[in-house]
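Participant: Protein chains in written order, with full-length UniProt numbering: chain A, 1 to 315; chain B, 1 to 315; chain C, 1 to 315; chain D, 1 to 315; chain E, 1 to 315; chain F, 1 to 315.
Think of the hints as simulated: they come from the structure by calculation, not from any bench.
Given the structure is predicted, the values throughout are model-derived calculations rather than measurements.
Be aware that a few hints might be false.
Repeated chains share a single entry, so a pair holds when one copy, or any two copies, can fit it.
Straight-line alpha carbon distances no greater than 25 Å define the calculated BS3-like cross-link-like pairs of lysine-lysine that follow [said to hold, decoys possible]:
1. K80 / K2
2. K208 / K236
3. K125 / K170
4. K291 / K125
5. K155 / K229
6. K83 / K208
7. K183 / K128
8. K92 / K291
9. K92 / K125
10. K269 / K239
11. K239 / K80
6 protein chains.
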Amino acid sequence: MKEVLTFGETMVLFNPQASGPLRFVEGFSKSIGGADSNVAIALARLGHDAGWFSKVGDDEFGRYIKNTVRGEGVDVSRLKVDKGASTGILFKERVNNANPNVYYYRAGSAASRLAIEDLDVEYIKDTKIIHITGITPALSESCRETVFKVLEIAKENGITISFDPNIRLKLWTLEEARPVLLKIAEMSDIIFPGIEEGEMLLGLDNEKEISEKFLEMGCKTVVVKLGEKGCYVATKAEKEYIQGFQVATEDTVGAGDGFAAGFLSGVLKNLSVRECGIQGNAVGAMATLVKGDMEGYPYYDQLMAFMGNKKGIDR
Amino acid sequence: MKEVLTFGETMVLFNPQASGPLRFVEGFSKSIGGADSNVAIALARLGHDAGWFSKVGDDEFGRYIKNTVRGEGVDVSRLKVDKGASTGILFKERVNNANPNVYYYRAGSAASRLAIEDLDVEYIKDTKIIHITGITPALSESCRETVFKVLEIAKENGITISFDPNIRLKLWTLEEARPVLLKIAEMSDIIFPGIEEGEMLLGLDNEKEISEKFLEMGCKTVVVKLGEKGCYVATKAEKEYIQGFQVATEDTVGAGDGFAAGFLSGVLKNLSVRECGIQGNAVGAMATLVKGDMEGYPYYDQLMAFMGNKKGIDR
Amino acid sequence: MKEVLTFGETMVLFNPQASGPLRFVEGFSKSIGGADSNVAIALARLGHDAGWFSKVGDDEFGRYIKNTVRGEGVDVSRLKVDKGASTGILFKERVNNANPNVYYYRAGSAASRLAIEDLDVEYIKDTKIIHITGITPALSESCRETVFKVLEIAKENGITISFDPNIRLKLWTLEEARPVLLKIAEMSDIIFPGIEEGEMLLGLDNEKEISEKFLEMGCKTVVVKLGEKGCYVATKAEKEYIQGFQVATEDTVGAGDGFAAGFLSGVLKNLSVRECGIQGNAVGAMATLVKGDMEGYPYYDQLMAFMGNKKGIDR
Amino acid sequence: MKEVLTFGETMVLFNPQASGPLRFVEGFSKSIGGADSNVAIALARLGHDAGWFSKVGDDEFGRYIKNTVRGEGVDVSRLKVDKGASTGILFKERVNNANPNVYYYRAGSAASRLAIEDLDVEYIKDTKIIHITGITPALSESCRETVFKVLEIAKENGITISFDPNIRLKLWTLEEARPVLLKIAEMSDIIFPGIEEGEMLLGLDNEKEISEKFLEMGCKTVVVKLGEKGCYVATKAEKEYIQGFQVATEDTVGAGDGFAAGFLSGVLKNLSVRECGIQGNAVGAMATLVKGDMEGYPYYDQLMAFMGNKKGIDR
Amino acid sequence: MKEVLTFGETMVLFNPQASGPLRFVEGFSKSIGGADSNVAIALARLGHDAGWFSKVGDDEFGRYIKNTVRGEGVDVSRLKVDKGASTGILFKERVNNANPNVYYYRAGSAASRLAIEDLDVEYIKDTKIIHITGITPALSESCRETVFKVLEIAKENGITISFDPNIRLKLWTLEEARPVLLKIAEMSDIIFPGIEEGEMLLGLDNEKEISEKFLEMGCKTVVVKLGEKGCYVATKAEKEYIQGFQVATEDTVGAGDGFAAGFLSGVLKNLSVRECGIQGNAVGAMATLVKGDMEGYPYYDQLMAFMGNKKGIDR
Amino acid sequence: MKEVLTFGETMVLFNPQASGPLRFVEGFSKSIGGADSNVAIALARLGHDAGWFSKVGDDEFGRYIKNTVRGEGVDVSRLKVDKGASTGILFKERVNNANPNVYYYRAGSAASRLAIEDLDVEYIKDTKIIHITGITPALSESCRETVFKVLEIAKENGITISFDPNIRLKLWTLEEARPVLLKIAEMSDIIFPGIEEGEMLLGLDNEKEISEKFLEMGCKTVVVKLGEKGCYVATKAEKEYIQGFQVATEDTVGAGDGFAAGFLSGVLKNLSVRECGIQGNAVGAMATLVKGDMEGYPYYDQLMAFMGNKKGIDR
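Only chain A is shown next, with the shape it has when bound in the complex (with noise of 0.2 Å):
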């Protein structure tokens, strides 16, 4: 039995190989970027068991994210193959250390052309927990039937749904995309929205009242990402902030990512919430220590070398 399960568009991913505005760019170095794989890549570091699909064009890009995926040990034999779309891409810009810009040629992609005959009921079924981010009910309309119809699976059968809205507004509207995530939401078991998000979904600007919302929704564990800081865990029972690891930083992008993935890798060894929340912020900040967006992911055992060096907020 699969421990996770996560699926969604993968992209490859160019990134510049100097700063500055791309057309003064002469090179760019390929690699891959996507956050459902990003928390399948981590948990396997990490030693689980974790699963992971999607839709790539047959062409050489969908090739090199089936075989850097499957090199991590992501089980990915579900992956599929589309001969009618490509793959999607999506080019980076540096300017001075500031977030980079973004150009995605993603519309069309095959990945979002991603459909509920896609999926593999038994295999879905095998697992314990499945990790939906809010980027792929953004991608298309049969990519939001996808997950829905996933959801769907895992609520009949007892998965446990984790979820991270990932707000993304190049890819919807907060009006388009408000009622699904919400909505997902209150399917979830744990959710991991930052203080940003919890705004824009529910209109409220701190940890408490954001927590205090999704568990009134229906959610189980509230996990409040606040980047650097740690993060702010409630759950029915406990409610506690949790101190972040004070590391410089190199580059923050898929920081998120290893974050749900070392919450989760807890709670799939049983540990307190509090000791979950160690945990990811602990692979956040490793994740921030590297240039790439999963390069940063440690092994289990850099982890827990990194924790003993580091201190969390009570050890």
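Given the structure of chain A, go ahead and fit chains B, C, D, E and F onto it with the hints provided.
Facilitator: Only chains B, C, D, E and F this time, still in chain A's reference frame:
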């Protein structure tokens, strides 16, 4: 008054920094690719007053294309920016020096949204030769309409129409392409088919029959491109083979566009068709000496030096 | 009618691909460098009709400069090619983020041979503002004469003269420079000194005395550049400090030229001196956000967005 | 049940970024090299269920090898990590397109410490074909013992044994190698010698005698590799030449491993020996089209397309 | 007569072309690394007559080391070539600007086979100062014997012995290292311990006690390196702190060797210990300004300029 | 006593990182180029005691040249540094594997200011062979005088004079060159003309007449280089053709210098002229196997191995 005007999609072209399947290629270098701008650039290098227009996205890749074409001395004052679409891009893949594979990301590109309302009629009128490629009508319905609108303006204003069929079966089927391209051919004064194109459009497989047929259809000058062998030029009055230049080929992409530009340069200088053909052969040959689509097109002095060093059919 | 005209040497600039003493640097990347073309490029990006001329060698480096400046939309129709001299080049060396060392290969360069007979008087007359840098008269005797000839034409034709002293002690001694630069200053309508330049030229070390002195000498507008702090603008009528924008600086080369361009753009739009100063500060600040001499100059929309996001002295 | 199992050292391979003596080469690019993993990868690309194991150091190079082989779809679940030794590496040096020189750093490597106690006997039993290369027994005494233990398990369990002698005189002398390799040959069902290897092992210099001798020794199928010419296949029942494919060779390294994989793929599909040989020739030829050891191995569809386009001996 | 002689292993050092875990690094650049050759190079740059010897493999990496050290003006006439072993190499890994990880491939290297019979006794005798690092005796038994043989020759011939403990716990345990290093210390005239080394060797954790102890053991000058703070120098007669130079550090590797070289340069010029210490501080600081182990060591003029610009303790 | 002494300009050479017109080349890599230092380096690699001197600027490029030549084992103790001039540089441009174009930045370079007062007469006297190239007298009046002063010293001291005409029409006209080079020829013991040089200097176009003429002028040994064909050697006593080695040429630059070095190495070992010629042919051929001016010159062992593998005229 402009001497030549071209229009149609120019894309940012990503060249692999190593040969082999793209999934194993780490880096890519940026340049531009587009048959229409190639012809304009080649003519500008030869000292002609050339204009090119298209539509690009409001993004760095669009600005890069604009600046590159403008940098070559082509008038880009009518290039449009489309805030609702991206600039098209493509990737090349080279295996063992065979013709490169191409991966397009151009569906729905800004250029494919070029439409009649984007035309500056007065600007178009003020031109001696309008050169059309068969790529533009393949991009979209609105592009097709735009091509015919331009042809109409040209016809009404006595502008010479030059046409290179450039059949791209990745963009449309032969069934879709044939009637459109034949209709353009009928309106053209000068046409630059290859043998293979003659076969696809007319079902004829040799230069003599192909040129005869196009002359019948109303073309005044038919220039059948014969690759390394040179070309066969036919008008009502004259018909002759013009032998090509023997060179050590490095990269043939862009050679056909260079050929057309070399020929049209001769037309603009009122050279004999024979001299036009020799000049076309020379620019085409020089284009193959250098890696890249348009990097090898010569300046006028370089062309003269090359034609002095190498012998055409009877010099 | 051109809005702005600049002239003077632009060189090919070789940037080390690694920091440290150049003898340990394996690779170098090519770009262009020149204060005069910088100002023209920055103004063209902001939407102005700008021209620049100089003299380059009949070589690939000269063609590269021509195409790059032309690609930015600057009119280069009066750029001369000198068959008897090479295009000047320079190498930068970076050690530990300090100001780069510079190694010039420009002695006897084509640009240093610019002379009065290279001038197209009618072209010069057809200009609103002529911007002069103190680099051009330092290059050679003939360059010096050319500068004064242009000043004479400007004076006779009521063209506004803008002047940035740009004292380069690698090119001439202060003893040589001072009388020449002061003579140019006397003829200028707008002058852009820094504090250090004021000290070298006038022996005065604060913005108030410096601007007073230049006003006395006949300048109508004195803009003392104060680096990150902004600028001090003085006319007969008004005198005020205009606070700079706080940004995370990446590379300060080219900031002064951007400042002048931003200010002159305001002049061309009849903005108040205060608004001109804010705009100069903004372009100067944006230039420092990006590595490279001219890569960071903004398009007009980008400038407006930046000025909206960041606060100038009283906005 | 796995279809094929291979085991033996895979190293990180550093390719020079330029040709010439290594002391003048500034940069090196990383990939992997290993005959055993090559065969497993080539078979996995063709759609077979392949496993490979070895021992790597507890270091980044070991993790890189694991992820790369796993990324290709090969089962690496039995790969061991040795905390007391490093992962072996090698450097290539290319001068003028001749065969590259190789510099090894593999003495005492983790893989050379592979020993009988590292074997998972149940895992080994669950295999149709075990492919052995003559490199593994050359690495160390414990590797030699491991090879014979695996052979013993295979024999006891009716697993087909495939053997490629791969004589490496940089690792042992011919005197050391000959008795060991002949002993393995005697236990093998399928053997893939080259002419030169036949000469070294048997003192015979033509394919007919070589195959006769190996058949006498008990091999059921002898496949003598003849390079570009193809191969000669001999069983008790059949003997025939199978002509190779003519291609423009880019890099021959890895072609022999590809040949073996192509042949074994046919065996797994119960193709005739003739068809197996054609398939071996095809994969070997395709491997040479691409720079790199294993980058050129085809996917099944690509193999079929290639065999359709190119003609083997009688197609 | 040589002024200084050093000996010991120098390796080819492969620097990652990107930061992050090495499995994600595509390219590596070659340079050299070795504490003993660093000291010799730094002294040669300062104008001294320095020699260095070691043993390298009969391979390109050995030739590269020889040419690089010789290129710096160090006498390498006694460098031996060992046909039976490889030149040692190492890889660096950089994560987030922390101290780099190091992966060695040096076990059994040519240098580790340096032995007493490789010594040219007359050459050694003809030296003013012999500088020993604690790395050489850690490499092998024969290296350890070689060190003591050299010490014996030095003692017999009145050559000044300089010693930098350089404890490398990757090469031997502290238990192995301590008695050896203390024995060398007892024979040394000048010793350069750090605080941490004092603690490991003597169990003392402050510069005063450490230097007192070494003076007792017979050292004439003890120079305790205090990193950015400078150093503490103690002789029988004088004891004082010498403040370091404040610089923006880029890379600290090689700074300690530079310090020793700067100090010894002063000794060779008969400067006071105070002046020697200032000079050591300066060379050490300059080394940190530049990426790379030895690239930052100054020429004499550069050192003088630096010491003029920056202030030492009382200048 | 030095075996060979050369002197003359060595420049930093910037190689384009891609082929094609330089305006399209993004990056350049640094190496050194100079016929005189090439000969010295080639001889040093073969084990001879060689010296080279020149003048470089007080800059990083000068230091780079010094260290590179010294690194090859050539004595550079008489290399002068000129604080008033820059080190010369050049750029290569490669189009389609033809001979590269060259762009010089050497006018007024430090080396061109080499003058009689830079000579160390005692150092020059202490030499067996002085090798002169026809490049040095082309650089400047003072260089010309220096060459003749050295010739005078050589003559007075019975030093063998070797001369390679190396006519460079980019540096002087044939009219200027001819009398100077003939005057040097008259003073030379060994001369290495090519056929084309014979034609330019003597108006003779075959090896027999050319050598006859030089023998008449007083040369003792005339070695006419015949490229791939080998050479023709003539003395009063012997005259013969010596066939060249057939190799796959990669880059011919530097082959002539290697030829001269190979021949002179034979002279220094008192080989027969025939053996000298074979050795010259071999070093010249090996130089062409490797990209770069001097990278391909062999070590003595490599030369012997090559001459054993390949056959010269009668071996």
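Participant: Indicate, hint by hint, whether the structure satisfies it.
Facilitator: Status of the hints after comparison with the structure:
1. K80 / K2: both (19 Å within a copy, 23 Å between copies)
2. K208 / K236: Within. Shortest intra-copy distance 12 Å satisfies the 25 Å Cα cut-off; inter-copy 60 Å does not.
3. K125 / K170: neither (32 Å within a copy, 41 Å between copies)
4. K291 / K125: neither (35 Å within a copy, 43 Å between copies)
5. K155 / K229: neither (33 Å within a copy, 61 Å between copies)
6. K83 / K208: Answer is neither; intra-copy 48 Å and inter-copy 41 Å both fail.
7. K183 / K128: within (21 Å within a copy, 51 Å between copies)
8. K92 / K291: both (13 Å within a copy, 17 Å between copies)
9. K92 / K125: neither (37 Å within a copy, 41 Å between copies)
10. K269 / K239: within (20 Å within a copy, 59 Å between copies)
11. K239 / K80: The answer is neither: 41 Å in one copy and 43 Å across copies each exceed 25 Å.
Checked against the numbered hints above, the structure breaks hints 3, 4, 5, 6, 9 and 11 and satisfies the rest.
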